[in-house]
Amino acid sequence: MRRELPIAITFVLGVLIILAFFFDSPTLTNASQSLQNWAVIIAAFALGIASVNLIQVHAKKIARGQDRLDWLYSGALLLGLFGMTVIGLFKGPADQMYQFWFNALFTPGQATVYAMTGFYIASAAFRAFRIRNLEAGILLVSAALVMLGNVSVGEALWSKFPVIGSWLVNVPNLAAQRGMMIGAGIGGIAGGLRVLLGIEKSYLGSGS
Amino acid sequence: MNVSTSAEVWIASLVTIAIMSFVYKDNPFYRLVENLYVGVSAGHALVLGWGNIRDLALVPMVRDGKWVLVIPVILGLMLYTRYFKKLAWLSRIPLAVMMGIGTGLAISGTVGSQIVNQVRANLVKLNTIDNIIIVVGTFAVLAYFFFMAEHKGALGVLAGGGRYLMMVAFGAAFGSTVMGRMSLFIGRLQYLFGDWLGLIR
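Residue numbers (this note's numbering), protein chains in the order written: chain V, 1318 to 1525; chain H, 18 to 218.
Worth flagging that the hints you see were computed from the coordinates, not collected in a lab.
Every value quoted in this text rests on a predicted model; they were computed, and no experiment measured them.
Mixed in with the good hints, there may be bad ones.
When the alpha-carbon atoms are kept at most 30 Å apart in a straight line, the in silico DSSO-like pairs for lysine-lysine are as follows [claimed, not checked]:
(1) 102/H to 1378/V
(2) 1518/V to 102/H
(3) 102/H to 1477/V
(4) 1518/V to 83/H
(5) 1377/V to 103/H
(6) 42/H to 1378/V
(7) 83/H to 1408/V
(8) 102/H to 1377/V
(9) 42/H to 1377/V
(10) 1378/V to 103/H
Start from the sequences and build out the full structure, keeping to the hints where you can.
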């Protein structure tokens, strides 16, 4: 009962959504739309669980004070969490103070974290692009041509670089992406069917 | 030099420098800002989540009398039964609802966008070299993922071609990603030297 009921619910709701996609029925479409709204509401409650876990972990770190500065880092995290939540819940996300902290911390933080990954990609490239075989060589040449085609220095070196870069993206890359998309799509459907049929049930966790 | 006097720009610039400092090595300044950023992101997600509960459930219930929406609210609250040992199994029910809806959407979305649309887009006239490369290339990549027969003979040649083609695609994707990240990095430098220090326009 404790495992069978959730599996049955997953199957019924999954099949209903799939039927709504394949059959032109207003009843099914409305039911599917309502269920999608339900999922958004439940997911919003799940965010609360995530925050509770975050608070538990960092409150414990502060209480233990294991590392020299751990309490400071965890305190900063909780300050950010509570600060944004309190301002957002009481004054709304459009409030000037909320926007101030959003623009001062969240926006530059996100942009810089993503920008920094460029350095790590470059260091990974150094390892991946050492030509050990033909495949690595093709990878290197393709990446170099696309990059040269995208920067003005590439065009200054040879006017054909942008043309070649664009062709690589629009023709061989398109063919490979299309093949991979179809292959991954078939794999995704197989994986989804495993979930709906109750073969894959790791999401239910362990225990009875 | 026209240094900004805005507190927002100063804090944003210090956050940017703190995160950039990790490229040199891990340091307390970076870790402090990293934790603050995680906290602010989590708080922001929580505020957006509350907005969804209010707009999609509470307001339609109270204003329009759509009391059926009490079901997802109860399901959402059932997630919290995981904190009570005897009732913990009940938290599987809302998870099952989300998995069912998510899997149904994933399957139907995949059929439409990743299979039917891609096959349809591949039905082109073989009157140019580019079209021939696209059609044959797609079959070659699919052959690489076909494991029901050994990759020998014609299938082996086709699958080998598919592997090389995938390397071209990975290279192109890598090049595009690096360019995208570099433009983000340039954007941060422009913010520091332009918006903050006023050295560039």
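Quiz item: So which of the earlier hints does this model not fit?
Solution: Violated: hints 3, 4.
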